[in-house]
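Chemist: Please take these sequences and the hints and turn them into a complete structure.
One letter stands for each residue in the lines below.
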Amino acid sequence: MAFEKEILEHSQRKAKALSMGGAKKLERRREAGILNARQRLDYLVDPGSFDESGLFARSVLPEAQEKTPTDGKIAGFARIAGRRVGVISNDFTVAGSSSTALNGKKMGHIKQVATSRGFPLVLLGESTGARMPDTMGARGMAFSLENNMYLRTRETPWANAILGMAFGSSAWYACLSDFNVIKKGACMAVSSAKLVSLATKGEVDPEDLGGWKLHTEITGIADLAVDTDEEAIDAIKKFLSYMPSHHREAPPRALVPEGSDEPVKGILDTLPQSRTKVYDVIKVIKKIVDIDSYFELKARFGRTMVTALARIDGRTVGIAANNPIHKGGAIDADACDKMCSFLVLCDSFNIPIIMFIDQPGFLIGIEAERKKMPGKVINWMNAMALCTMPKIAVQFRKNYGQGYLNMGGGKNADELAAWWLAETSFMDPSSAVGVVLGVDREAEPKKYEDMLDKMIKDTSAYESASVYGVKQVIDPRETREYLKTMLDVHHLRLTGGVGQHLMRAWPTTY
Amino acid sequence: MAAVEVKADVTGSVWKIMTKVGEQVSEGDELVILESMKMEIPLMAPEAGTVKEILVKENDISNEGETVVILEV
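Residue numbers (our numbering), protein chains in the order written: chain A, 1 to 510; chain B, 1001 to 1073.
Dumping the calculated BS3-like pairs for lysine-lysine here, alpha-carbon to alpha-carbon at most 27 angstroms: (1) A:238 x A:111; (2) B:1007 x A:213; (3) A:454 x B:1038; (4) B:1052 x A:213; (5) B:1052 x B:1016; (6) A:283 x B:1038.
Please keep in mind that the hints were generated in silico from the structure rather than gathered at the bench.
As the structure is a prediction and not an experimental result, all values here were calculated from the model.
Modeler: Shown next, in the form of C-alpha cells:
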C-alpha cells in the first residue's frame, strides 16, 4: 500500500496523543470515581461530534515532550443538542493541566473562533496555575504570558464547571463565565491550598479556601453545586438550552409541556391569607411558568431574591422575585449583587425579564452599610436603566421605599400590574411618625395619633391603578395569561428580539 | 458530630419557639419564628440534626447575626 509508513505513523502518534497522563494516572481517577478529561467531553457533546484542535500539541521543552500530550488542555469544536459549541477540557493528568504559552494559544483560538463565528464556549475546569519551570524568571514570564488577555464582552454564552482543583486559568474562566457550576469536593481559588499553606506557614483546608459552600453561599461565584461530574455537565447543557447561540439572536423557543396552563389555577393555595405571614415564592413561580422549566441560579446566595431562568409559553424568561421566606423579603447587599448579575446575563442574551414583587424595603443597618449598600442599590438602578430587554413586573403584595423603583416602579419597567393583595407606600406610617417626625407615642399620644392619621394613606392596588401607577389589577390566577400577553406585546419586533447590550462589558465579579 | 449555629438573619423579637431541646429536625424545619417589619419570619434548620441548645425565649430581641439555636449535625 502506498504511504503505509505515513499512515502507520499517523495512527501511532494519534494513539500517543490520546493517552492523556498514562494508564496509571487514569486508573487512579477511575478508582476514585472521577471522570477524566476525555470522558467528560464524551458525556458533554453529541455522540461523535467532537473535532479536536491541537491534538498533536505538546510541551515546547524537549525533556517534557513525551509526557505532555495535547500540552494538557484538550480543545476543539463539537455539538450539544445539535448546536455548534467550542469546548475546552482541562486534562489534569498531564502536568496538572498547567498553563503555558502553547496551550494558551490553543485556548485563544477556540475562544476567538467561538466569539467571531457566534457559538457558545464550554470550559471544564480542573487545573493548576502556570507551568513551572516554563514561567519562571523574567524570560519565562515574558514568553509564557505574552498573549494572556481576559476580556468578557458577552458575544456568546460561556458555561463553566469547576470539577477539581481549579487554580489559575480554571479559576479565571470560572469567574468570566455566564454560568458556573461547582462539584462538591472541588476547590476554586487564586492559588492552591499547598501554596497558601507555604506562604502562611499553616495548614489550609481546601474547603475553606475555595469549596462549594464558600462559592455558593458567600462569594456567589458559583451558580450551583452538584455531586458528580455528570450532574455538572447536565447543568451546563440545561443552561445552554435557555440561551441563544450568540448575542444577535433571540433565545430558542421550546415546545410548551402539556398541562402548563393548569398549575396557576391553584396559585391561591401557595399564599397565606394574613399579610403578616410569609411564603416561599419559589412555589408560586413554579405555578406560573411552563412545567419543569424552572432553573434557579445562585439559589444559596442572596436568598432574599430568587433569580431563575424559566419559560413561559415556550419563551425563555428571566424571573427575578423577592422571597418573603428569607428576611421577610427585605433586600440585602448580596441580593443586590445577584440581581445585577442576573440583569446583565438576561440583557446580554436577549432574555426578557419578569419581576415578582413582595418586599418591605431594603435591609438597613450598620452591617448593610459595611457592605456598601447604597452603592449596590444604585448599581442595580443603573443596570435597570441600561437594560434594553423588556421588563415586566407583577406586584404580589408589599412594595415599599426605594425598593419600589429597583423592582420596576415608575419608568424602571415596561409594564407593572398588581394582584389585588398589593400594598404600596414609602414606609410604614408608625415609622414615619416615630422616626421621621420624632413624635413619641407614649410621651405625646394625641399628637402621635393626629400625625399617624395624616400618614396613613390608601396603599391599595386600586389606589395605585386609579393614577396608572400600576397599569392593571389582576387576580393571581390570571398571572400566567397576563405574562403571555405582555411577552408577546413587548417582543422586540424591530430587531428580531435582540436588545442593545449596553451592559456587555459589565464586570464579572463585584 | 459537629455543632452548627443557626443565626438570626434579621433583627427582630422572638415570637414563637417551634422546637425543643433534643428534637430531631430536617433541613428547612422551622426552629424559631421572629417578628420583624410586622412579619412572622421563620428561622429554618440549614441541615438535618438534633436541637442541642435554644439560646432565646419568647419576647427576647435577637440581633442579625446572633446565634439563636445550636444544632448537632
